[in-house]
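Chemist: In case you want the letters, here they are:
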Amino acid sequence: MKLAEDQAKAVLSKAGIAIPAGIVVNTPQAAAQAAIEVGPRVAVKALVRSGGRGKQGGVLVVDGPEQASHAAGQILGLKLGDEIVTSVLVEQAVDIGAEHYLSVTIDPSSGRPMIMRSEQGGMEVEAMTDQIESIIIEPGDLTEQDVELSEIEATLLTAFSDLDALLIEINPLVHTTGGEVIAVDAKIELDDSAAYRHQQLHASIGTQQAGGTERERQAAEIGLRLIELDGDIAVLANGAGLTMATMDAIVAVGGAPANFLEIGGDAYTKATPALELVLSQPGIRSLLVNFCGAFARCDVMTAGVIEAWKTLKPDIPVVFSISGTGMDQANEMVRTELGIEPHPTMADAVVAVVQARTARSES
Amino acid sequence: MIVNRSHQVLVHGITGRQGTFWTEQMQAYGTTIVGGVNPKKAGSTHCGVPVFASAVEAAGSLPAGIDVSVLFVPPQGALAAIEDAVAAQARLVVVLTEFIPVHDTMAAVHAANTAGSTIIGPNTAGVVTPGQAFVGFMPAFDPRIFTPGNIGVISRSGSLGTLACLELTRAGFGQSAFLGIGGDPVSGTTTADAFTALDDDDATEAVVLIGEIGGRKEEDAAEVIGRSAKPVVSFLAGRVSPPGKRMGHAGAIVDGATGTYESKRSSLEAVGVTVVDVPWDIPSALKAVTG
Chain A
1 MKLAEDQAKA VLSKAGIAIP AGIVVNTPQA AAQAAIEVGP RVAVKALVRS
51 GGRGKQGGVL VVDGPEQASH AAGQILGLKL GDEIVTSVLV EQAVDIGAEH
101 YLSVTIDPSS GRPMIMRSEQ GGMEVEAMTD QIESIIIEPG DLTEQDVELS
151 EIEATLLTAF SDLDALLIEI NPLVHTTGGE VIAVDAKIEL DDSAAYRHQQ
201 LHASIGTQQA GGTERERQAA EIGLRLIELD GDIAVLANGA GLTMATMDAI
251 VAVGGAPANF LEIGGDAYTK ATPALELVLS QPGIRSLLVN FCGAFARCDV
301 MTAGVIEAWK TLKPDIPVVF SISGTGMDQA NEMVRTELGI EPHPTMADAV
351 VAVVQARTAR SES
Chain B
1001 MIVNRSHQVL VHGITGRQGT FWTEQMQAYG TTIVGGVNPK KAGSTHCGVP
1051 VFASAVEAAG SLPAGIDVSV LFVPPQGALA AIEDAVAAQA RLVVVLTEFI
1101 PVHDTMAAVH AANTAGSTII GPNTAGVVTP GQAFVGFMPA FDPRIFTPGN
1151 IGVISRSGSL GTLACLELTR AGFGQSAFLG IGGDPVSGTT TADAFTALDD
1201 DDATEAVVLI GEIGGRKEED AAEVIGRSAK PVVSFLAGRV SPPGKRMGHA
1251 GAIVDGATGT YESKRSSLEA VGVTVVDVPW DIPSALKAVT G
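Each protein sequence line maps, in turn, to chains A and B. Under my numbering, the first residue of the first sequence is numbered 1, with each subsequent residue one higher. Under my numbering, the first residue of the second sequence is numbered 1001, with each subsequent residue one higher.
Keep in mind that the hints were calculated from the coordinates and are not lab data. Any given hint could turn out to be false.
[Said to hold, decoys possible] In silico DSSO-like links for lysine-lysine, alpha-carbon gap of 30 angstroms or less:
{"no.": "1", "chain 1": "B", "residue 1": "K1245", "chain 2": "A", "residue 2": "K79"}
{"no.": "2", "chain 1": "B", "residue 1": "K1245", "chain 2": "A", "residue 2": "K270"}
{"no.": "3", "chain 1": "A", "residue 1": "K313", "chain 2": "A", "residue 2": "K270"}
{"no.": "4", "chain 1": "A", "residue 1": "K2", "chain 2": "A", "residue 2": "K55"}
{"no.": "5", "chain 1": "A", "residue 1": "K187", "chain 2": "A", "residue 2": "K14"}
{"no.": "6", "chain 1": "A", "residue 1": "K310", "chain 2": "A", "residue 2": "K270"}
{"no.": "7", "chain 1": "B", "residue 1": "K1245", "chain 2": "A", "residue 2": "K55"}
{"no.": "8", "chain 1": "A", "residue 1": "K55", "chain 2": "A", "residue 2": "K187"}
{"no.": "9", "chain 1": "A", "residue 1": "K79", "chain 2": "A", "residue 2": "K55"}
{"no.": "10", "chain 1": "B", "residue 1": "K1287", "chain 2": "B", "residue 2": "K1230"}
{"no.": "11", "chain 1": "A", "residue 1": "K187", "chain 2": "A", "residue 2": "K2"}
{"no.": "12", "chain 1": "A", "residue 1": "K270", "chain 2": "A", "residue 2": "K2"}
{"no.": "13", "chain 1": "A", "residue 1": "K79", "chain 2": "A", "residue 2": "K2"}
{"no.": "14", "chain 1": "A", "residue 1": "K2", "chain 2": "B", "residue 2": "K1245"}
{"no.": "15", "chain 1": "B", "residue 1": "K1245", "chain 2": "A", "residue 2": "K187"}
[Said to hold, decoys possible] Partner residues are not named here, just some residues of chain B that face chain A (Cβ under 10 angstroms, in silico):
{"no.": "16", "residue": "W1022"}
{"no.": "17", "residue": "F1137"}
{"no.": "18", "residue": "I1145"}
{"no.": "19", "residue": "L1160"}
{"no.": "20", "residue": "G1215"}
{"no.": "21", "residue": "R1216"}
{"no.": "22", "residue": "F1235"}
{"no.": "23", "residue": "V1240"}
{"no.": "24", "residue": "P1242"}
{"no.": "25", "residue": "W1280"}
{"no.": "26", "residue": "D1281"}
By construction, the Cβ of each residue, glycine as well, lies at the ideal position given by its N, Cα and C atoms.
Between the sequences and the hints, there should be enough to build the whole structure, so can you do that?
Modeler: Right, dumping it as structure tokens:
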């Protein structure tokens, strides 16, 4: 779960890292009032999760309540990335002496926490990879690392572990002309799998920022992972790897998948709601069901598909390829209950579903 | 990490529904299950084997100790169960559990490394040595999918790994071992570690590597593959997946420049790996490289 800037800063502040005084508002009038309280010089910042908002006019530094109100009026309603700005953070402007970069994440190679730091901050991190120093943190005492860590780095690492975070990024970390060290922007991503250990924090963050389309959110609510795509072939498979491979294969033979939706793992009993979701997507012209059961039993998944298919009676061709745990019962169910012959291989099924779609669009 | 019939296997969470179902499957296949763990049912017998309060207790009571511990436990209990298995000196701990907090996984991997144990997973479907034994929840018992042979298979995904073995068997290639390393971003056994195990295995003549977008496992594996003489064929899932979206597995995400399909494919091709575009092309590519 990604935190909004104000939420991330509240978390950092609690961990002992200084942040600018700030107030979240959603009207120009309230922005003016906020500037009186924390200003007069303030930064008015769009509260969105996508990066690069500064370049798109999402951050304005202004002087006094009148200008703050005007700035908020300009920023509220902007579309930045996929998000419409509905609230802004009005924050005390700081006197910048130097802007640095500091983050903690998990190094994908070693699987250990990794500090990334740079004397140069304030710009997009992608633009500054050459100047970043990466320090992999060895298990054990933070004071006994190969590289000496600053106080704020040690604080950040402790917070990273205490919060079950996947990422804490401060960019810029400002050294003010007065000698203070302040986190002027902050990004935090928490591990959803550890939410049970941080119920209060996760509850206070709420679900307001859950991104994605309406259907993707509906899927998430019932524990399914759906991503809508631009194509017209609906895909239902089990396991992330097989589902991605099914999408790749459809494209490789000239088709276009309409979605990523997998019902592997513990979700293998949810075939009925899964199918209802994908078939409700507009523009679907065929369906490919590709199961290769290991833990997920094909007979259970297929029974769910058949139930949904009989209820919805969609007027599109459906193609099956089923192998793995429970495959014999599953294939027999498709034959007897739907009168459809499953394809013996994934290759046959993928080619058939792309052809079925083409045949329909030509007729 | 290649299991065989002589390995003494302990099932953590044996009395649960899935633990029971898959223990019976493993036993029927020939895996030597020597006991189970459930603190609440210690002293009883389940699936014909004794249930212990902990792996440490099991290792102390069983004459041959334990070699492998497999976890059918929920994420909240996984770290403690792994620490228990490591303390019981299990050489291999197969962690099937999905959604373990990543900070717990980091702690578990450190504990295992310190004690000289190997974790496979988390979020793996397990390991299969066709004709010998399997540990986890793979359809090893279906001879249309798994059959003995000399191809080693590595996969981050259980379902796609199953498909790869099915395609191999259909084309007449049996497998020396299937190693499911799991879909999480932090794993006890990396792709490079799994490849090294197959490279050292005399029964393995060639390797099929099933990778996917996200992380650096395939790029890191390319370094060890480059030093080996064994031929490798790979399929990488996620070529058309949109960047910035988590594709199911916590590990499968393209974030910025990290973990892209192109990066993985070019790293593997640079060390002589044949990368195929669709899973059903694996056997023909394998025929070409094994001659």
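Chemist: Run every hint past the structure and note whether it holds.
Modeler: Tested hints:
no.: 1; hint: B:K1245 to A:K79; in the structure: holds, 20 angstroms
no.: 2; hint: B:K1245 to A:K270; in the structure: holds, 22 angstroms
no.: 3; hint: A:K313 to A:K270; in the structure: holds, 18 angstroms
no.: 4; hint: A:K2 to A:K55; in the structure: holds, 21 angstroms
no.: 5; hint: A:K187 to A:K14; in the structure: holds, 15 angstroms
no.: 6; hint: A:K310 to A:K270; in the structure: holds, 16 angstroms
no.: 7; hint: B:K1245 to A:K55; in the structure: holds, 23 angstroms
no.: 8; hint: A:K55 to A:K187; in the structure: holds, 17 angstroms
no.: 9; hint: A:K79 to A:K55; in the structure: holds, 13 angstroms
no.: 10; hint: B:K1287 to B:K1230; in the structure: holds, 14 angstroms
no.: 11; hint: A:K187 to A:K2; in the structure: holds, 8 angstroms
no.: 12; hint: A:K270 to A:K2; in the structure: holds, 27 angstroms
no.: 13; hint: A:K79 to A:K2; in the structure: holds, 19 angstroms
no.: 14; hint: A:K2 to B:K1245; in the structure: holds, 13 angstroms
no.: 15; hint: B:K1245 to A:K187; in the structure: holds, 17 angstroms
no.: 16; hint: W1022; in the structure: holds, 8 angstroms
no.: 17; hint: F1137; in the structure: holds, 4 angstroms
no.: 18; hint: I1145; in the structure: holds, 7 angstroms
no.: 19; hint: L1160; in the structure: holds, 3 angstroms
no.: 20; hint: G1215; in the structure: holds, 4 angstroms
no.: 21; hint: R1216; in the structure: holds, 4 angstroms
no.: 22; hint: F1235; in the structure: holds, 7 angstroms
no.: 23; hint: V1240; in the structure: holds, 5 angstroms
no.: 24; hint: P1242; in the structure: holds, 7 angstroms
no.: 25; hint: W1280; in the structure: holds, 4 angstroms
no.: 26; hint: D1281; in the structure: holds, 9 angstroms
Consistency note: the structure conflicts with none of the earlier hints.
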